[in-house]
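Trainee: What follows is the residue order along each chain.
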Amino acid sequence: MAQRNPVHCLLALVVTLLTIAVIFIGLDAVTVGFLQAIVYAGAIMVLFLFVIWLLNLQAELRSAPGYLALKAISGLLCATLVPSCSCFWATRRPRRRSGGCAGRLWIDRDARHDAFFRLSGAFEITSVLLLAAIVGAIALARRTPAPQTAAAQTAAASGAPARSEGT
Amino acid sequence: MVPMSCFVGLSAVLFAIGVAGVLLRRNIIVIFMSIEIMLNAVNLAFVALGRRLGSMDGQ
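Sequence order for the protein chains is A and B.
The first sequence runs 26 to 192 under the numbering used here.
The second sequence runs 17 to 75 under the numbering used here.
Do not take every clue at face value.
[What the hints assert, rightly or not] Pairwise CB distance ranges, derived in the manner of DEER restraints: (1) A/HIS33 <-> B/LEU55: 17 to 23 angstroms; (2) B/MET20 <-> A/LEU80: 17 to 23 angstroms; (3) A/VAL153 <-> B/GLY70: 26 to 32 angstroms; (4) A/LEU106 <-> B/PRO19: 36 to 42 angstroms; (5) A/TYR92 <-> B/LEU55: 23 to 29 angstroms; (6) A/ALA164 <-> B/LEU55: 18 to 24 angstroms; (7) A/ASN81 <-> B/MET20: 25 to 31 angstroms; (8) A/LEU102 <-> B/ARG42: 41 to 47 angstroms.
[What the hints assert, rightly or not] A few chain A residues that face chain B, going by a derived Cβ cut-off under 10 angstroms, partial list only: (9) ILE45; (10) LEU52; (11) MET70; (12) ALA97.
Worth flagging that the hints you see were computed from the coordinates, not collected in a lab.
By construction, the Cβ of each residue, glycine as well, lies at the ideal position given by its N, Cα and C atoms.
Next up, chain A with everything else stripped away, as it sits in the complex (with noise of 0.2 angstroms):
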């Protein structure tokens, strides 16, 4: 049923992603549909393939286990989550203009003064996300067990040889 090989996963991601930037364009979005063929499906997807190949990962061999009722639940409440909320949104705020937005295409003077000056605030919460994000994927990759690494030294300091003990 469900694919097993984490590169067929990527390449079907990749499909997907060129769909949703296909989309973009024709919801005359062109920088946004640009943005995402260039930076998604060109750059992320890539580090994925990278990862993926680095770290030399198996297909898998059964699902996750236990909790599939709630799974289900939580699963069927998050997906009604954004068609509601965007639902909310579109019947609360009335329409300002009713031809869209096909004038400005590409990202515009006005859009630059938008997304630097007015939408300032959101830009710094969105960097400081990325610093904690920085911040905890350094945290992971320095992770080493230390009492371990003390055991290995009193064990090459007494001449037995090394043991690897669960790493």
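Given chain A, work out where chain B should sit, using these hints.
Mentor: Just chain B, lined up with the frame of chain A:
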């Protein structure tokens, strides 16, 4: 013109696929890919609503 509900429905379907992937997979990379699918679903909802409302805030 394609109606608005199509885009919101597609976004919901993508988000559901992402949630299912996060909940059912064990591989951490595949879980990250599912999170990417969810982020893209929300992006799609933003862009579709931004087009409907006639503003570029969603983009």
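Trainee: Evaluate each hint against the coordinates.
Mentor: Against the structure, the hints:
The hinted window of 17 to 23 angstroms between A/HIS33 and B/LEU55 holds, with their beta carbons roughly 21 angstroms apart. Range check, B/MET20 to A/LEU80: Cβ separation about 41 angstroms, and the 17 to 23 angstroms hint is violated. A hinted range of 26 to 32 angstroms holds for the C-beta pair A/VAL153 and B/GLY70, which are about 31 angstroms apart. A hinted range of 36 to 42 angstroms is violated for the C-beta pair A/LEU106 and B/PRO19, which are about 21 angstroms apart.
With their beta carbons about 24 angstroms apart, A/TYR92 and B/LEU55 fall inside the hinted range of 23 to 29 angstroms. For A/ALA164 and B/LEU55, the hinted distance range of 18 to 24 angstroms is satisfied, since their beta carbons lie about 23 angstroms from each other. Roughly 45 angstroms separates the CB atoms of A/ASN81 and B/MET20, a value that falls outside the hinted 25 to 31 angstroms. A/LEU102 and B/ARG42 have their C-beta atoms about 22 angstroms apart, which leaves the hinted 41 to 47 angstroms range violated.
Evaluation of the A/ILE45 hint against chain B yields a held restraint, the C-beta minimum of about 5 angstroms falling below 10 angstroms. At a threshold of 10 angstroms, the smallest CB-CB gap from A/LEU52 to chain B is about 5 angstroms, leaving the interface hint in force. Given the 10 angstroms rule on beta carbons, the hint for A/MET70 holds: about 9 angstroms separates it from the nearest Cβ of chain B. Contact between A/ALA97 and chain B, as hinted, is supported at the beta carbon level, the nearest pair being about 8 angstroms apart and thus within 10 angstroms.
Consistency note: the structure conflicts with the earlier hints numbered 2, 4, 7 and 8.
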